[in-house]
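Could you slot chain V onto chain W? The hints should help.
One letter stands for each residue in the lines below.
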Amino acid sequence: MSRIRSAFEKLGKNGQKALIPFITAGDPDPVLTVGLMHGLVAGGADIIELGVPFTDPMSDGPVIQHASERALKYGVSLKQVLGMVAEFREKDTETPIVLMGYLNPFEAMGYEKFAVEAKAAGVDGVLTVDCPPEEADQLLDSFTNAGIDPIFLIAPTTTSERIAKIASVASGYVYYVSLKGVTGATHLDFSEIEDRVNEIRKQVDLPICIGFGIRDESTAKSASRIADGVVIGSRIVQEIEQSDCQSAVKNVTAFVTSMRRAIDG
Amino acid sequence: MYDFPDSRGHFGPYGGIFVGETLMAAIEELRSVYERYRNDPEFIAEFERDLKHFVGRPSPIYHARRWSDHLGGAQILLKREDLNHTGAHKVNNTIGQAMLARRMGKKRVIAETGAGQHGVATATVAARYGLECVVYMGAEDVKRQAPNVFRMKLLGATVVPVESGSKTLKDAMNEAMRDWVTNVESTFYIIGTVAGPHPYPMIVRDFQSVIGREAKSQMMEAFGRQPDRLVACVGGGSNAIGLFYPYIEDESVRMTGVEAAGDGIATGRHAAPLCAGKPGVLHGNRSYLVQDENGQISDTHSISAGLDYPGVGPEHAWLKDTGRADYAAVTDNEALDAFHALCRFEGIIPALESSHALAHAAKIAPTMDRDKLILVNLSGRGDKDINTVAQLAGIQL
Chain W
1 MSRIRSAFEK
11 LGKNGQKALI
21 PFITAGDPDP
31 VLTVGLMHGL
41 VAGGADIIEL
51 GVPFTDPMSD
61 GPVIQHASER
71 ALKYGVSLKQ
81 VLGMVAEFRE
91 KDTETPIVLM
101 GYLNPFEAMG
111 YEKFAVEAKA
121 AGVDGVLTVD
131 CPPEEADQLL
141 DSFTNAGIDP
151 IFLIAPTTTS
161 ERIAKIASVA
171 SGYVYYVSLK
181 GVTGATHLDF
191 SEIEDRVNEI
201 RKQVDLPICI
211 GFGIRDESTA
221 KSASRIADGV
231 VIGSRIVQEI
241 EQSDCQSAVK
251 NVTAFVTSMR
261 RAIDG
Chain V
1 MYDFPDSRGH
11 FGPYGGIFVG
21 ETLMAAIEEL
31 RSVYERYRND
41 PEFIAEFERD
51 LKHFVGRPSP
61 IYHARRWSDH
71 LGGAQILLKR
81 EDLNHTGAHK
91 VNNTIGQAML
101 ARRMGKKRVI
111 AETGAGQHGV
121 ATATVAARYG
131 LECVVYMGAE
141 DVKRQAPNVF
151 RMKLLGATVV
161 PVESGSKTLK
171 DAMNEAMRDW
181 VTNVESTFYI
191 IGTVAGPHPY
201 PMIVRDFQSV
211 IGREAKSQMM
221 EAFGRQPDRL
231 VACVGGGSNA
241 IGLFYPYIED
251 ESVRMTGVEA
261 AGDGIATGRH
271 AAPLCAGKPG
281 VLHGNRSYLV
291 QDENGQISDT
301 HSISAGLDYP
311 GVGPEHAWLK
321 DTGRADYAAV
331 TDNEALDAFH
341 ALCRFEGIIP
351 ALESSHALAH
361 AAKIAPTMDR
371 DKLILVNLSG
381 RGDKDINTVA
391 QLAGIQL
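Here the protein sequences come in this chain order: W and V.
If you're matching positions, the first sequence starts at 1 in the numbering used here and goes up one per residue.
If you're matching positions, the second sequence starts at 1 in the numbering used here and goes up one per residue.
Chain W on its own, in the form it takes in the complex (with noise of 0.2 Å):
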C-alpha cells in the first residue's frame, strides 16, 4: 500500500484528519530544509508537501514566489530536491512526500527519469501545478510504471465534467483550491467551500485536502470540519521568512503544533 494510502487509513481509524505543511525545498537555505521536515514531523503533520523551486511560478503569490526565489539564489536544482527528500528518509521511512511544482523542471530532467528517481529518493505523489490531465498523459505513465500518485488540484470554477476527468486520473488524494486566486490569498467562504467539497466527493473516491487561504487556527479548523486534509503553505513559508536560521525550525515547529491542536480539537 502507498504511503499516502495508509497515512489516510490510519487517520480514518483514530478520526483525525490529514495536516499537510508545504514548505519549498532549499528555502531560506538548502542547508536547513531537511532538519525543517523533521520538523513539522515533530509538530504533528501527516504529509509534506515540498515545493520544487521554479523560476516562474505563475500560481503562486509574493509569499511562495520569494520562498522560490531565495532557494533559487542558492541554485537548487530538483536533482537537489531528491536528494533532500533521501537525506529525510534516512530517518524517517513513514510520513508520505508530495511533490509540488511546474512541469518545466521536470520535462527538462525527463518524466521517466524524474519518476524512477523520485521514488527512489522517497517521493509517493508529485502535484504538477500547471499540468492539466488532458496534458498528462505522458507524465501519467511514467508516475504510474515508478509507482508515484500523481495529485491533481480542483478548482471552484472546475466543472463537472472536469472533475470527472480529474477522478479518473489522480490518486493519493485530491487538492480542492479552497478560493480563486494564487496561493497565499485570504478570504474564505467556508459554507461555499463545505458545498463544493461535498459536490465533489460524490465523483471523486479519494480523500479531499482543502488549501490555499488556511492562515491560523480557525480557518484551519473550519477546514478540517469539512475536508479529509488541510494544506497550510503561504503562512508556514512566511514564519520561515520571518525566523533566523537558529530559530526556523523551533518556530516552524511550534506553528504546526499550533494547527495540530486546532484541527484536532
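In case anyone wonders, no lab produced these hints; they're calculated from the structure.
All clues given are correct.
Each computed BS3-like pair below joins lysine-lysine, with the alpha-carbon atoms no more than 30 Å apart:
{"no.": "1", "chain 1": "V", "residue 1": "Lys278", "chain 2": "W", "residue 2": "Lys79"}
{"no.": "2", "chain 1": "V", "residue 1": "Lys167", "chain 2": "W", "residue 2": "Lys180"}
{"no.": "3", "chain 1": "W", "residue 1": "Lys165", "chain 2": "W", "residue 2": "Lys113"}
{"no.": "4", "chain 1": "V", "residue 1": "Lys143", "chain 2": "V", "residue 2": "Lys153"}
{"no.": "5", "chain 1": "W", "residue 1": "Lys180", "chain 2": "V", "residue 2": "Lys107"}
{"no.": "6", "chain 1": "W", "residue 1": "Lys73", "chain 2": "V", "residue 2": "Lys278"}
{"no.": "7", "chain 1": "W", "residue 1": "Lys79", "chain 2": "W", "residue 2": "Lys91"}
{"no.": "8", "chain 1": "W", "residue 1": "Lys119", "chain 2": "V", "residue 2": "Lys278"}
{"no.": "9", "chain 1": "V", "residue 1": "Lys167", "chain 2": "W", "residue 2": "Lys79"}
{"no.": "10", "chain 1": "V", "residue 1": "Lys143", "chain 2": "W", "residue 2": "Lys73"}
{"no.": "11", "chain 1": "V", "residue 1": "Lys216", "chain 2": "V", "residue 2": "Lys52"}
{"no.": "12", "chain 1": "W", "residue 1": "Lys73", "chain 2": "W", "residue 2": "Lys113"}
{"no.": "13", "chain 1": "W", "residue 1": "Lys79", "chain 2": "W", "residue 2": "Lys250"}
Simulated restraints on C-beta separations:
{"no.": "14", "chain 1": "V", "residue 1": "Asp6", "chain 2": "W", "residue 2": "Thr159", "range": "19 to 27 Å"}
{"no.": "15", "chain 1": "W", "residue 1": "Val31", "chain 2": "V", "residue 2": "Phe54", "range": "56 to 64 Å"}
{"no.": "16", "chain 1": "W", "residue 1": "Glu9", "chain 2": "V", "residue 2": "Arg324", "range": "51 to 59 Å"}
{"no.": "17", "chain 1": "W", "residue 1": "Ala164", "chain 2": "V", "residue 2": "Leu392", "range": "54 to 62 Å"}
{"no.": "18", "chain 1": "W", "residue 1": "Gln242", "chain 2": "V", "residue 2": "Lys363", "range": "48 to 56 Å"}
{"no.": "19", "chain 1": "V", "residue 1": "Met220", "chain 2": "W", "residue 2": "Ala164", "range": "50 to 58 Å"}
{"no.": "20", "chain 1": "W", "residue 1": "Gly35", "chain 2": "V", "residue 2": "Leu397", "range": "49 to 57 Å"}
No residue lacks a Cβ here, since even glycine has one placed at the ideal position from N, Cα and C.
Leaving out everything else, chain V in the frame of chain W:
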C-alpha cells in the same frame, strides 16, 4: 493543407494548455466564444470596420529605394505597421480581443506588456469601449519605456510595475496570469502575443493575419508578384505570424523570423529561444525556451524590451521544426545600426524591435540580385525608443 492548431491547441508537439486548474474553465469559455464568433459575418464586419476607421488600415507597403540602392542588392519593401493608430501592429489584436471581451460581458481587461506597445494598444481599446484596464509591466521596462507608460496613463489605464524575477516581459506575464486567476469571472486577459495557453496563439494569429492578407493583395497590385522573402522580428512572434500565416502554403516565399541576439548568442545574454534554446513549458504552452539544464528559465537580454522574452509562440516552434520558416538572430548593435540607417536613408524612425528585422534584411539584401524583393514587417515606430537610443549615445534628452 496546413491546418494548425488541432482542437486542443497543438502545433505538432508544441502549444497546448498548461495552466492551473482554476483557469481551465475560463479558457474553455474563451475557446467556445471564439469558435462562435470567428466566422460570424457581423463580428468580422465590425472588426474590419474598426481596422479601417480606427486603426487606419490598410497599412501601405513602401519601397525603401534609397536604402536598397545603398545596400546594393535585393529591393527592400516595408509593410508599414508603424503607421497604424498607436504606432504598431499590436492594435490589430487588441481590437479583436476587446470585441470578444465585450461579447462575454467582461468589464475589466488586463494585459502584459514589454515595450509598452501592447499595453498602449490595450489601454486604447479599453478607453474606447469604457472598460477598466490594468497593464502589468516589468519594473525594468517601466524605466526604459517611459513615454509609453505615460501614454497608457493618459488613456486611463493603471500601470502596475512588476518587481519580481528579471522585472521584464516574462514577469509581467506571470503577474497578469495571477491577476487573471484571482479575478477570472470579471476579467478578460488580452494577451499581446501568439503565446499563452490555447486558444490565445490561434486568436492572436487570426487577428494579426490581416497583415499578411493585405500584403498579398498589395504585392500583386504594386509589383505583380509576391516577394521572394519575408522578414519579421520575433519576440513572442505576433507580427511575424501575422505576416507569415497567409503565406504558409505559398512555398515559393521564404520566411525568416529574426530573434534578439542581445550581446551575442555566445555571451548567453540574448533572447533567442528558437536559435539557442530548447523545448519546454512556460506561460501556458510548450515551445522553445531560453532555459538552463535544470529547466529554470534564464534571464534574457535585448536592447528591445518587446523582444526581451525567454519564450516564443508555439507556432513558430512548429514552423522551425518543419522547416517552413527559418530563424536568425541579430545583436543589439546590428539592430541599432539598422535603426540609424532607416532614419537616415528613408526618413522613418523604426521601433528597436522592428530594427532587428531590418538588420537581417540589410545582411541578406546584398547577397541577392537587384530584382529580388524582400518584404520586411516594419511592426512599429521608434518614437518610444528615442530615450534608449539617446542614452546609448550619451545624450540626455
